[in-house]
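A.B. asks: All chains should be modelled from the sequences, with the hints used to inform the complete structure.
Just so you know, the protein sequences line up as chains U and C, in that order. Last residue of the first sequence: 336 (my numbering), numbering continuous. Last residue of the second sequence: 336 (my numbering), numbering continuous.
Wrong hints could be hidden among the right ones.
All copies of an identical chain are treated as equivalent in the list; a pair is satisfied when it fits inside any one copy or across any two copies.
Okay, derived cross-link-like pairs now, SDA-like style, lysine to any residue, Cα gap no bigger than 20 Å in a straight line [as the list claims (entries may be wrong)]:
(1) Lys171 / Arg181
(2) Lys315 / Lys325
(3) Lys226 / Asp195
(4) Lys172 / Asp185
(5) Lys171 / Ser183
(6) Lys333 / Ser295
(7) Lys135 / Asp185
(8) Lys135 / Gly179
(9) Lys256 / Gln273
(10) Lys296 / Pro160
(11) Lys296 / Lys315
Think of the hints as simulated: they come from the structure by calculation, not from any bench. All values derive from a computational prediction rather than experimental measurement.
Protein chains: 2
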Amino acid sequence: MKIVILLFDNFTALDIVGPYEVLNKLPDSKIIFAGHEKKEYSDPYGLRISADNSIDEISGADILLVPGGPGIDVLLNNLDVLDWIRKINRTTKWTVSVCSGSLLLAQSGLLDGKNCTTHWRRKEQLRSFNLTVMDERYIQDGKFITSAGVSAGIDMALYLVSKIAGDKAAMVFQLAIEYDPKPPFDCGSPEKASSEMLGKFRK
Amino acid sequence: MKIVILLFDNFTALDIVGPYEVLNKLPDSKIIFAGHEKKEYSDPYGLRISADNSIDEISGADILLVPGGPGIDVLLNNLDVLDWIRKINRTTKWTVSVCSGSLLLAQSGLLDGKNCTTHWRRKEQLRSFNLTVMDERYIQDGKFITSAGVSAGIDMALYLVSKIAGDKAAMVFQLAIEYDPKPPFDCGSPEKASSEMLGKFRK
Chain U
134 MKIVILLFDN FTALDIVGPY EVLNKLPDSK IIFAGHEKKE YSDPYGLRIS ADNSIDEISG
194 ADILLVPGGP GIDVLLNNLD VLDWIRKINR TTKWTVSVCS GSLLLAQSGL LDGKNCTTHW
254 RRKEQLRSFN LTVMDERYIQ DGKFITSAGV SAGIDMALYL VSKIAGDKAA MVFQLAIEYD
314 PKPPFDCGSP EKASSEMLGK FRK
Chain C
134 MKIVILLFDN FTALDIVGPY EVLNKLPDSK IIFAGHEKKE YSDPYGLRIS ADNSIDEISG
194 ADILLVPGGP GIDVLLNNLD VLDWIRKINR TTKWTVSVCS GSLLLAQSGL LDGKNCTTHW
254 RRKEQLRSFN LTVMDERYIQ DGKFITSAGV SAGIDMALYL VSKIAGDKAA MVFQLAIEYD
314 PKPPFDCGSP EKASSEMLGK FRK
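C.D. replies: In structure tokens, the structure reads:
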């Protein structure tokens with residue numbers, strides 16, 4: 134199982150590492166980080182992850198994972214990356230995204246006619262592609278799975294493992310990462326948040 | 134707020150990036166990755182994170198975060214790292230760990246007489262230090278907070294933010310990472326897992 138994760142500057146680190154920590158446990162799997170160039174990429178706070186390959190060196194994947202982050206907006210105009218996503222998607226069994234990564238799939242045309250989701254702050258932007266944007270933690274439509282914001286990639290990856298390797302494998306992976314979440318507050322989605330909290334996000 | 138995260142080879146990536154994605158949102162904070170040497174460190178599956186500094190270059194921190202991973206066992210015998218942890222701890226407001234990172238704090242003597250926790254698979258090892266090992270998602274004892282396995286670092290970090298910057302800040306950060314977890318299965322702790330699942334972890 135060849136799993137390719139797209140890197141770019143100003144990624145959101147947990148968008149990547151949440152699903153990574155689940156998918157790396159798939160038997161006979163290899164995770165490859167690929168960027169427009171073969172170099173280190175940084176998130177907005179200084180964490181850097183190295184791309185093993187440039188996208189030119191990757192011609193196929195079983196799973197393509199597109200994370201999100203503030204850098205996604207720049208990438209929406211990168212024709213090389215959009216062409217590469219379309220090319221790789223022709224080879225994948227699964228094409229998945231976390232957070233605002235779904236915007237890149239939408240821009241590449243791959244989500245046309247599909248149900249999808251994204252980070253709650255990006256839903257209006259995703260709707261501008263004339264897609265059916267759902268209020269779900271993650272949503273599968275055919276071989277595409279898109280996720281809500283940041284931490285939702287963990288839930289999505291466990292679901293993806295259940296589809297690939299069965300429920301028992303996914304349950305063992307969930308236990309391995311001791312994923313029995315107990316957030317200190319119950320405010321992790323806009324429906325649960327106060328208007329005061331939501332006000333903090335206005336630009 | 135100077136936040137130092139210890140890097141070493143064979144770290145568990147989500148132990149680091151879970152709390153990182155929460156703590157990086159603290160105002161006026163700077164996160165520094167430090168390793169025994171200033172170089173790239175790798176997890177068991179090939180993800181590499183660069184240390185900005187060697188531990189020799191770091192003489193203090195407001196928060197010291199020690200992640201876990203299979204590499205922790207080698208580190209338990211690294212006197213340089215143990216000395217450095219004791220030295221940095223004398224400067225910290227908070228000394229925290231995720232997963233098996235608590236073993237390193239225990240080995241350095243810092244958890245003597247303290248309540249603490251770790252990944253469910255490491256509890257026997259942590260008990261061998263004659264500590265009170267609790268079945269909690271995370272546990273605070275004075276300025277020390279230790280967490281259960283891997284994903285528990287996210288919950289711990291939100292709690293830590295609530296202590297540093299107040300509940301409202303922590304709630305806004307939780308909403309920013311859309312942390313409204315919906316694991317596909319309810320099996321993320323040994324108490325919830327079947328004996329068949331637990332059997333998969335026997336060596």
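A.B. asks: As a check of your reading, is Lys171 near Arg181 (CA-CA no more than 20 Å) within one copy, between copies, both or neither?
C.D. replies: both (13 Å within a copy, 14 Å between copies)
A.B. asks: Given a CA cutoff of 20 Å, do Lys315 and Lys325 count as a within-copy pair, a between-copy pair, both, or neither?
C.D. replies: Classified as both; 16 Å inside a copy, 14 Å across copies.
A.B. asks: Pop the pair Lys333 and Ser295 into one bin, within, between, both or neither, using alpha-carbon distances up to 20 Å.
C.D. replies: between (37 Å within a copy, 16 Å between copies)
A.B. asks: Can you tell me if Lys296 and Pro160 fall within 20 Å by alpha carbon in one copy, between copies, both or neither?
C.D. replies: within (14 Å within a copy, 40 Å between copies)
A.B. asks: How would you classify Lys296 and Lys315 at a CA-CA limit of 20 Å: within, between, both, or neither?
C.D. replies: between (26 Å within a copy, 17 Å between copies)
A.B. asks: Is the C-alpha distance from Lys135 to Asp185 at most 20 Å within one copy, between copies, in both cases, or in neither?
C.D. replies: Within. Shortest intra-copy distance 13 Å satisfies the 20 Å Cα cut-off; inter-copy 31 Å does not.
A.B. asks: Regarding Lys226 and Asp195, is the shortest C-alpha distance of 20 Å or less found within a copy, between copies, in both, or in neither?
C.D. replies: For Lys226 and Asp195, the Cα distance is within 20 Å only inside one copy (5 Å; across copies 46 Å).
A.B. asks: When no copy is named, should Lys135 and Gly179 be tagged within, between, both, or neither for a Cα gap of at most 20 Å?
C.D. replies: between (28 Å within a copy, 14 Å between copies)
A.B. asks: Have a look at Lys256 and Gln273 and pick one of within, between, both or neither, based on CA distance no larger than 20 Å.
C.D. replies: Within one copy only: 17 Å inside a chain, 37 Å across chains, cut-off 20 Å.
A.B. asks: State whether the alpha carbon distance between Lys171 and Ser183 is at most 20 Å within one copy, between copies, both, or neither.
C.D. replies: both (8 Å within a copy, 16 Å between copies)
A.B. asks: Could you figure out if Lys172 and Asp185 sit no more than 20 Å apart (CA to CA) within one copy, between two copies, both or neither?
C.D. replies: So Lys172 and Asp185 pass the 20 Å test inside a copy (8 Å) and across (16 Å) alike.
Hint compliance for this structure: no hint is broken.
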